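**Student:** Single-letter residue listing:
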Amino acid sequence: AQSVTQLDSHVSVSEGTPVLLRCNYSSSYSPSLFWYVQHPNKGLQLLLKYTSAATLVKGINGFEAEFKKSETSFHLTKPSAHMSDAAEYFCVVSDLAGTYKYIFGTGTRLKVLA
Amino acid sequence: GAVVSQHPSWVICKSGTSVKIECRSLDFQATTMFWYRQFPKQSLMLMATSNEGSKATYEQGVEKDKFLINHASLTLSTLTVTSAHPEDSSFYICSARVVGDNSPLHFGNGTRLTVT
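Protein sequence lines, in the order shown, are assigned to chains C and L.
So for the first sequence, my numbering puts the first residue at 256; every next one is plus one.
So for the second sequence, my numbering puts the first residue at 75; every next one is plus one.
The shape of chain L in the complex, shown without the other chains:
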């Protein structure tokens, strides 16, 4: 159980366009989802915390107008990279949890974004 599905697994887009990444909890209701960014051969950096039905909380240094997060339902959160630039190229990973459940976070398989 506790499967988190992320889509797409990879995407290539042109500079200036927007890209949407979906994160779904397939067999549980995720009250909270987290979005991470990982640069090549580096660790994961938390970008934002997304709670269902409310605005996302962004970490310091993360542009909220650049990285739009929507958590409209208990099973879906989306990350939209707006007006993408080559420096936005990265590996984006989501994770999810249920409030009151102290089990570890479950992670999606990530999305490789390449902006040309």
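Next comes chain C alone, as it looks inside the complex:
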């Protein structure tokens, strides 16, 4: 069975400081992992994806994530937070070769302080 755990429900950072959103996964086979961002009352936008290629994945808006199999982690980072980054972030695990179901983490709400 697959599952994903987002370790922080809320993260607050000051504008211009680094962002770290943590995600751990559990999968009985090679997973595909994604980070999505959701702004209030909006759908989801894909930030980046890992599908067994390079372990360091670069996404949009300066975000990146590193797949660490030994730690079963896929943490999302950004060197410098911007006010527009304030949103809800979801870590997702999926079996792209099978059912294609997405299992969502519980989400992390990022707050950026001026």
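Hints should not be assumed to be uniformly reliable.
[Claimed, not checked] Computed cross-link-like contacts, DSSO-like style, restricted to lysine-lysine with a CA-CA straight-line distance of at most 27 angstroms:
1. L/Lys88 <-> L/Lys140
2. L/Lys138 <-> C/Lys297
3. L/Lys94 <-> L/Lys129
4. C/Lys323 <-> C/Lys313
5. C/Lys297 <-> L/Lys94
6. C/Lys297 <-> L/Lys88
7. L/Lys115 <-> C/Lys304
8. L/Lys115 <-> C/Lys356
9. C/Lys356 <-> L/Lys88
10. L/Lys140 <-> L/Lys94
11. L/Lys138 <-> L/Lys88
12. C/Lys366 <-> L/Lys140
13. L/Lys94 <-> C/Lys324
14. L/Lys115 <-> C/Lys297
15. L/Lys129 <-> C/Lys356
16. C/Lys297 <-> L/Lys140
17. C/Lys366 <-> C/Lys323
18. C/Lys356 <-> L/Lys138
[Stated by the list, open to error] Chain L residues, not near chain C, derived (Cβ > 10 angstroms throughout):
19. Lys88
20. Gly135
21. Asn144
22. Phe165
23. Gly184
[As the list claims (entries may be wrong)] Just a few of them, taken from the derived set where beta-carbon distance is under 7 angstroms, the chain L residues facing chain C:
24. Leu118
25. Ser147
26. Leu148
27. Pro178
28. Phe181
29. Gly182
Hints listed in this document are in silico derivations from the structure and should not be mistaken for laboratory results.
As the structure is a prediction and not an experimental result, all values here were calculated from the model.
Glycine included, C-beta positions come from ideal geometry on N, C-alpha and C.
With chain C held as given, fit chain L onto it using these hints.
**Tutor:** For chain L alone, kept in the frame of chain C given last:
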């Protein structure tokens, strides 16, 4: 590319009425569509998987007679909330994919349903 359009973006209805939500893939043919429900400040929960031309597969605990899903064409899936009650108020989001295409799912912008 890969745009998923969801309509309406918000709807208010009276208790006991039915509401239909449409999910369209605008520039690709979606052989599979997924319907999610999101309660305020919570994560997305998969309700059902909809394959074109066949019956939807519902997740455990989701009432198939309550949430009717139709995927009659490769570009359109609909979710009908029948005899809606206030507890059905939620944010409903659809997503779509093409069989054989391992690219990530693309999501609609969601529908905010409020049942009064």
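**Student:** Enumerate the violated hints, using their earlier numbering and listing them in ascending order.
**Tutor:** Of the numbered hints given earlier, those the structure breaks are 9, 12, 13, 22, 23, 25, 26, listed in rising order.
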